[in-house]
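Just so you know, the protein sequences line up as chains F and C, in that order.
For the first sequence, my numbering gives the first residue as 1, with consecutive numbering after it.
For the second sequence, my numbering gives the first residue as 1001, with consecutive numbering after it.
In short, the hints are calculated from the structure, not lab data.
You can trust all of the hints, since none of them are fake.
Across the chosen pairs, the derived CB separations fall in these ranges:
#1 F:V599 with C:T1623: 22 to 28 Å
#2 F:G308 with C:V1365: 56 to 62 Å
#3 C:F1036 with F:G308: 43 to 49 Å
#4 F:V599 with C:V1056: 39 to 45 Å
#5 C:E1417 with F:R551: 54 to 60 Å
#6 C:S1068 with F:V599: 31 to 37 Å
#7 C:E1432 with F:N36: 54 to 60 Å
Heads up, the beta-carbon is just placed ideally off N, CA and C, and yes, glycines get one too.
Listed below are the residues making up each chain.
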Amino acid sequence: MTTFDFFQVVLYLAVLLVLIKPVGSYMALAFAETPNRVTRFGGGVERLLYRIAGVRADEQMGWRRYAIAMLLFNMVGMLAVYALQRAQQWLPLNPQHFAAVTPDSAINTAISFITNTNWQGYGGENTMSYLTQMLGLAVQNFLSAATGIAVLLAVVRGFTRRSADSVGNFWVDMTRSTLYVLVPFSLLMSLLLVSQGVVQNFSAYVDVPVAQVTSMTETVKDAAGNPLKDAAGHDVTHESKVTTQTLPMGPAASQIAIKQLGTNGGGFFNTNSAHPYENPTPFSNFLEMLAIFLIPGGLCYTFGSMVGDRRQGWAILATMLLIFIPLAYCAIGAEQAGNPALHGLAVDQHASALQAGGNMEGKETRFGIAASGLFATITTAASCGAVNAMHDSMTPLGGLVPMWLIQLGEVVFGGVGSGLYGMLAFAVVAVFIAGLMVGRTPEYLGKKIEAHEMKMASLAVLVPCALVVICTAIAVMTPAGVAGVSNPGAHGFSQMLYAVSSASNNNGSAFGGLSANTPFWNVLLSVCMYLSRFLLAIAMLAMAGSLAAKRHVPASAGTLPTHTPLFVTLLACVVIVVGALTFLPALALGPIAEFLMSVR
Amino acid sequence: MTTTHTHVHTVRTFDRALILKAVADSFRKLSPRLQFRNPVMFVVFVCSVLTTLLWVQALTGHGEAPTSFIFWVTIWLWFTLLFANFAEALAEGRGKAQAAALRSSRKDVIAKRLSSPHREASVTFTPSSELRIGHLVLVEAGEQMPGDGEVVVGAASVDESAITGESAPVIRESGGDRSAVTGGTRVLSDWLVVRITANPGESFLDRMIAMVEGASRRKTPNEIALTILLAKFTLIFLLACATLLPYSIYSAQAAGSGRPITITVLVALLVCLIPTTIGALLSAIGIAGMDRMIRANVIATSGRAVEAAGDVDVLLLDKTGTITLGNRQAVAFLPAPGVEESILADAAQLASLADETPEGRSIVVLAKERFGLRERQLEEGHAEFVPFTAQTRMSGVNIGERVIRKGALDAVERYLEANGSHLPPLVKHMAEDIARRGATPLIVTEGSTALGVIELKDIVKGGIRERFAEMRRMGIKTVMITGDNPLTAAAIAAEAGVDDFLAEATPEAKLKLIRKIQAENRLVAMCGDGTNDAPALAQADVAVAMNTGTQAAKEAGNMVDLDSNPTKLIEVVEIGKQMLITRGSLTTFSISNDIAKYFAIIPAAFATTYPALNALNVMKLATPQSAILSAVIFNALIIIFLIPLALKGVKYRALGAGALLRRNLLVYGLGGIAVPFIGIKLIDMLLVLCGLA
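Required output: the full structure, derived from the provided sequences and hints.
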């Protein structure tokens, strides 16, 4: 790793840490139950929205009602996105006249966007009309992120409320998350992105002459699509020259802003943040990386603030950083070290003034090694899934890091809201084990952790793990599953494992190389995305409900403090051990085998 | 946590007969119905059956792996189950042996049933098994108590060693707090008329037998929560291992080399990964926790009560007997102006010679210690002893012309005024000063002159202050309960180092205090013996009734201390904590073990598909088969090695939660990572030596 690589990470973390407190305390005000300067400022709009929707803002919901509201709301969102895709050829804002999306792809995309996964089986610029992108996908980017925050708020209220039978009002939580946090943050972000050259228009795609004419050999096909043969039985070919290229256009900046901020990750264009119109400059790249961690990181502070002990929030944040930082350096280090297969050859893989060095396959030269490795780690630590380089082309170890971060359950920052409530499930498990070791029925934030909480926390941890291993098994056993794989051996296995892991943890990034826009993969991954997102959320809401009903236990010297470095270490160990122990055998057959074979 | 009491029915943990019985029981416990109750061990059970079938298949010549390999894996899987059963059987065995000892003291005797509560009433001879609540029986010297009851008439010395293990006889008499008698005890002298308070099968002895036998043992809330966590881990590993078969088939095809993983290896991997160590020892830990209570001579009515003891936030302790030695003692003579201290001491001693109360004895002793004044015979000089009466509230002696009295301030003041004298202001001031310090002043007069003041003080038990400091570090608040006035109580509380006190305590005030603490969501532990303690005992979360106490108190509490030692409460808390800590530590140990097992099994399992994975064989285990077998054997043997720890419990230290966690994480977390690396390597070397590799 070069010094430059090293300090790029330091700079990123420094800016992030500076922003966490202001962003976190702003959100604490936005979600506060008592009126304050933030809610007073937007109060008029908020009340107007409630009046239009017929929401009674002062009404409190028990966890079951809250969960049902969440499920129904997202179901409606899913149907809307599905309908838009299927009907886009008849709807306006479709300058390229894209046809209706196939049913399996449409359902996959709909589920993908309501679950904050934003797995993309399709290519944005040659599938989706502007209307579908704006009204369907961009809207769901906001709403799925807001859903994550809403569930988190309910869980936090589980800890803060005492002997209560309610966890909040879903509609109020959704409205406030969107109105006070996601929309203003996205507005600012879009403007910054546009300033860097991200496109924002409704124009048709533009054909421009290429700077350098290239040619390609094409097989001539008959009407049925079969290759024509000449007399000797060879394929008939003809040389075709490429003189123009098509530049895609569209309202990209507005969607990319929320794509990053809401840890959604569904690109406007197919190559996501590697596309020059989606992520044109190193600065826009820095902004996009920052946007991914901004809300999940800030929410840690908000959480501490809401439970009345900021140290609790910092402790969770420290746990996330404790896992994140070594892995980020590991990924960057592995990429900078380059490809061992090239070591003996006359290939210079060293960093110099003229080149980034290392493994540049699948990376953009304007970002280089550190900004690509860091982006890959950030986007998979958080459940964003936007990419600025192809993870499939990373070295085995470099690719292992993003895959494993996803498999840890998307709790290292994780999704907006969902990352933190996932981490709280792990915290409940950690507190339980630690509580036993100090000889007391465990308590977390003043609430006793008993059988019911254990059941729900276990379910929350178990669901994504189970989906990953089971659905990967289904994929490797099915010809339709294996058909999508583009590489043989361990790497092919990694491609499938990564895809299922990404869907089952609502990350949405693709390893690449897997042809996943087939009915099999579309359906399999849809099931993974839906079950993981909503089973986990319901389990956490159920836990919130039972916690809220409990009384508060005052802390004493016998209470295990959960803000100390010791607890942070323990929590990180629990996350890592569960992740490592579950996936080590599978990883051994994928990236680990690949790595060990490459260095031999 | 050493107990210095005598125990008649103490059974050693590793008694030869117990071990033999446990071995037999471990086979009996292989029944699927019993195995099903423990999710972790049930998985091992299914796995063992599966590999046995695979072995049979291999015998027919169609084995998926070498027959001997499957055989050894199968054998050690069954051993894993047997070891788990053995741990449980051993823990239960101790209880059963103790129950047998108790049962022997519950012989069916012929009771003398009385028609009315008089010794002379007509007697019908009734077998004790036919006695019902409300029946009256006469028990005379040499006879066994036919059932639990309350003394209605009479007083007698009773040998309760069958229940308490304490050989010294105790007095049981009608009325007051010493009226409860227990079936199975023996009347040594005199006679008692007893009203039976428990039907056969519901007596204290029956409950005690049921308790130690574990018949009424249900899983405690914490045990349930832990079982859920362990089931979750088991399920994760079950899925991870089961799906490994398709992964391996795919990988072998894709890599174009090697064979897929065998079912035998998968099963071995699964059994090694699931938390068998804690799964195997979980119920033994629970039983052993109850057992430690019994060895401390405390009978808990449920495992839940033992567990709650570990969670206690506030301890309510009676001052007398727990914090202070039974009674006040004289600590100083404070003479009036112009009086020699030795004169005061002499008069005080004379006034107390016939006073047999502990206070009186302590005055005699103090005078002897300070001035070498020997005890004198009362007859000397025609002494006339004046006993304490409720009217005079003074006691003393008349020796010839000398009229010596001692008494409380107000009583002496009135006495002197009646004799035409008065108490010098300075003496009064001294007395008030003593009272303010929490001690009791006794004023000594001769004739109409006040000689001075004796200071009587509560003596705080040695070491109790340190004990309370320990409690504070554990996060437990101590509250002293006393009938003293607030001034005295405050002084003693400060000296003993308790966190708080309740002065002028009435049973109602106690109950109110408990409710108040519970309203703050804290758990309260207390002990008590009298009937008037019963409401408070019933309200407290952990309530230890003294065995010497009344039946009502024993019914209200959820534990009975056979030694009737109020300090036992502290020990009860420690035992409760120790049980949780043992569970937590072994869980951590069990999960940490998996890391080494992965390093043993993964390279071995996929060696034919990806030989490069052998780089993970950091222990340099001889062959894939020896690696897998070593891990399985380690996994089984560690259960046996940890049985003593499970039964004795992890040593409890009074540390704050953070320090305790750090310590236990280092020992059982890091230890749990390191130990199997060494163990598996050693077993592998042994296997190579035995030619099994």
